[in-house]
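Peer 1: Got chain S; can you put chain P on it based on the hints?
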Amino acid sequence: MFLFIVFALIAIVAALGVILSHKPVYSALFLLMNFGTLAALYIMLQAQFLAAVQVIVYAGAIVVLILFVIMLIGGGELGSGDRRTRGTGDTATAVPASSGRRVALGWPRITAIVLAVLLLAGVGYGIITGQLYPAQGSAATFDAGSVQAIGSVLYTDYLLPFELASVLLLVAMIGAVVLARNE
Amino acid sequence: MVPTEYYLILSAILFAIGVVGVLIRRNVLIIFMSVEMMLNAVNLSFVALSRQFLDLNGQIFVLMAMIVAAAEVAVGLAIVMTVVRHKDTTNIEDVNLLRG
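One line per chain: the protein sequences are S and P, in this order. For the first sequence, this note's numbering gives the first residue as 1, with consecutive numbering after it. For the second sequence, this note's numbering gives the first residue as 184, with consecutive numbering after it.
If we strip away everything but chain P, and leave its shape as in the complex, we get:
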């Protein structure tokens, strides 16, 4: 039986890698994938704590997070496609429509 802390450490490492990916990359698709990775890291810690406390609510929460992630991916990729069609770039530095 692997201790729960190890899962939490792994989850934190994966989350940190996702944050670094969002910060250093300028390609919108890779930023998107990094966000997905961060969502998964949080899911992992939910499942680990669900086993730790023998409580099913954590797994239900992960299920809901997955549903929201699926919706987010559908809408997010549609936005990415629209932006690429209008601006012809995937670099987020070039997308500054809302800059004041």
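Looking at chain S on its own, in the form it has when it is part of the complex:
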């Protein structure tokens, strides 16, 4: 229970950091922390395979892709994306973001350090006390999150969706290449 509260607090604060920090790079890194925390929560829910997939796909691939795009289109000028709205007279939507930014000078680093230390401490505490290991032996054990159980269901009952997902990924890959091509 204690571990859940720690992880939940980290997830919520990191989510607030995503929407309140004025530089997209900070947002992407807070998003990474949010995904990592969710992976820890998946382990607490005995979905070990999904936790690994969460780290690999979300934290590994998606955040890196977002960071690459931020790097390609320039992280510095992106900060003015919210500011320009105010100049064009549409103040109603721009005010909350800009006021939140003014309060928050320099807070992303402090918040990130605190959250990272908390996350490390939480994971370390979970590993030492054994709460982050899958429960074994008890009658109420739900051993369905393992790779073996997921794989046996995925390749029998859900074989068609699985194959369709591969087609979807292929189509998305071709679409991304065509869209991002430099004519």
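It is worth saying that the hints were derived from the structure and are not from the lab. Backbone N, C-alpha and C fix where the C-beta goes; we use that ideal spot for every residue, glycine too. None of the hints are false.
Estimated spans, in silico, between C-beta atoms of each pair:
| hint | chain 1 | residue 1 | chain 2 | residue 2 | range |
| --- | --- | --- | --- | --- | --- |
| 1 | P | Asp-238 | S | Arg-109 | 40 to 46 Å |
| 2 | P | Val-225 | S | Ala-149 | 21 to 27 Å |
| 3 | P | Val-202 | S | Leu-120 | 28 to 34 Å |
| 4 | P | Tyr-189 | S | Ala-149 | 23 to 29 Å |
| 5 | S | Val-117 | P | Ile-262 | 33 to 39 Å |
| 6 | P | Ile-196 | S | Arg-109 | 21 to 27 Å |
| 7 | S | Val-117 | P | Leu-206 | 27 to 33 Å |
Peer 2: Frame of chain S, contents of chain P only:
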């Protein structure tokens, strides 16, 4: 054992934060990340309910949602890059090609 309701409450909070992010920010990349956060919040509730009912289908569904999210990110970021190349802005207020 943490009750399932707590996970659902956390999921709802994360989803609400994502919605607020989509509504208050005008930077297209941050809106994109907020959408990702909302997808993750829904995934969390799927996994929590999968444990609640001892049913594996929820986790399979989360796996499929992750696949769709990966495809969505690839295509979405390609669209963002194309828009930035044409309009030279990341503010969605300036992107009104489809406005009648």
